[in-house]
Every structure is written in structure tokens, then in C-alpha cells.
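Undergrad: Sequence:
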Amino acid sequence: MAAQLTTPATDPAARVVGLRERKKQRTRDALVEAAHRLFLQQGFGHTTVDEIAAAVDVSQRTFFRYFANKDEVALAVMADAEDYFIECLRGRPAGESPLQALRASIVQCWRDLASSRHDGPSGVTAALELMQMIEDTPTLLAAHLRRITEQEQVVAGLLAAREGLDPAVDLRPKVMAAVFGGVLRSAHLAWSAQPEDSGPDGMIELIERHFDQLGPALAGDWRS
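Going by the numbering used here, the sequence shown opens with residue 34, and the numbers climb by one from there.
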């Protein structure tokens, strides 16, 4: 008798692994959501790891399986958004210029995060709400800026690979990645300074306006 083929869909072991991974993801999302809520309610400095764990009905030990410290859980929403941006950039058509690919990727990222498919602790609302808290908390800001620097290196590597360049010799990928990071940070700060919450549409509009000004800012006559 021929051996019966076992597919991932019918393999009991695969189903158990799948269930375990989904449970881990739900626990992580719950911790991020609880931390986000507590940070906004009582401030980052006044919120403890024990409070975050208790809000999800897990132990402190369980918390530390997912996050190294309080800073990391606070930045998880932004980190997830940044990782999704990298995914978008990898998927851009090869015919786009580096600047076109970067601009299209960040706009796609924000629009997708604003859609119903990305509700919850990784959604755009959470990311927008956390921006001001990050700027107002020195330890979070330092950690966030370190991650931005790491992301610039990833972006530079992707741009170099797209264009067939050696980033150790050709500095353009690193320069473009640094300029792109500066444009985004400027747009984020401008959004945070607005008197009213304009939501993800307002953020996308600000990003587009900043990119529209990039060419004239770099090469144009500012006095004209």
C-alpha cells in the first residue's frame, strides 16, 4: 500500500505548531496593546512591567519572553511599522528610481496600516499616538533614534542591491537613506506639532508635501 502523503494542513504536528505560534502572537499583541493603553493613561515613567503583565493576566517572566524591557514594548508599534515599510520597499518595481521607490513604499505603508487589515496594536492609530510620547521621553527617543540609524543601513543596502552598486564605494545609497530618514522625521515632528489630530490622512499629506519639497531644498535656489 502506498504511503499516505501528509501536508501541513493535515499534519497534526504542524497544526500544533501553528496554534502555538498564533497563541504567542496574540500574547505579544495583548502586551503591546496593554502597554500602549497604560502609557497613554498614566505616562511611560509611571507604568511598570508588572502592571503591563497584570493587565494581560500573565507573569512578569512571560513579559520578558517577548520584550527585553519597557522601552522595547513601547517601541514595538513603531518597529512593526518600520519592518512593514522595509517589506514594501523590497516589493517595489525595479524600474522605479530610488527616490520613487522610497516615496511609494512609505505612502503604501501608511495607507495599508490605516486600512482595516491593520487594526489593533500594530495599527496606524497606535503608531501616531505613540509619536509624541517617544519625543517626550529621552530614553525612548534615544532607542528610537538608534533603530532609525539601523533602518537607514538596511535601506541603504536595499537601494544598493536594486541599483547594482557597492555601498562601500558608492555613497549614494547611504546618502539617500539618510536624507529619506530626515524627511520622515521632519514629517512626523510636523504632524505631532499640529493642534488637531489629522489622523493617517494628515500624515500621508505631510509626507507627500515634504517629498515635493525635497528636490528644491537640495538643488534649488532658496532665495528665489
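If you are wondering where the hints come from, they were derived from the structure by calculation, not from laboratory data.
Be aware that a few hints might be false.
Claimed, not checked - Now the in silico label distances, taken between C-beta atoms and shown as ranges:
hint, residue 1, residue 2, range
1, Ala223, Asp83, 33 to 41 Å
2, Asp90, Gly215, 40 to 48 Å
3, Glu238, Leu132, 36 to 44 Å
4, Leu198, Arg256, 32 to 40 Å
5, Asp203, Val82, 21 to 29 Å
To be verified - In silico DMTMM-like pairs for lysine to aspartate or glutamate, Cα to Cα no more than 20 Å straight-line:
hint, residue 1, residue 2
6, Lys56, Asp104
7, Lys207, Glu185
8, Lys103, Glu196
9, Lys103, Asp145
10, Lys57, Asp116
11, Lys57, Asp145
12, Lys56, Glu66
13, Lys103, Asp113
14, Lys103, Glu129
15, Lys103, Asp90
16, Lys103, Asp62
17, Lys207, Glu120
18, Lys207, Glu183
19, Lys103, Glu66
20, Lys57, Asp90
21, Lys103, Glu162
22, Lys57, Asp83
23, Lys103, Glu120
24, Lys57, Glu105
25, Lys207, Asp145
26, Lys207, Asp116
27, Lys56, Glu120
28, Lys103, Asp83
Predicted model, so just to flag it, every value in this text is computed and none were measured.
Built from N, CA and C at the ideal position, the CB exists for glycine as well.
Undergrad: Against the earlier hints, flag every one the structure doesn't satisfy and list their numbers going up.
TA: 3, 5, 6, 8, 9, 11, 14, 23, 25, 27
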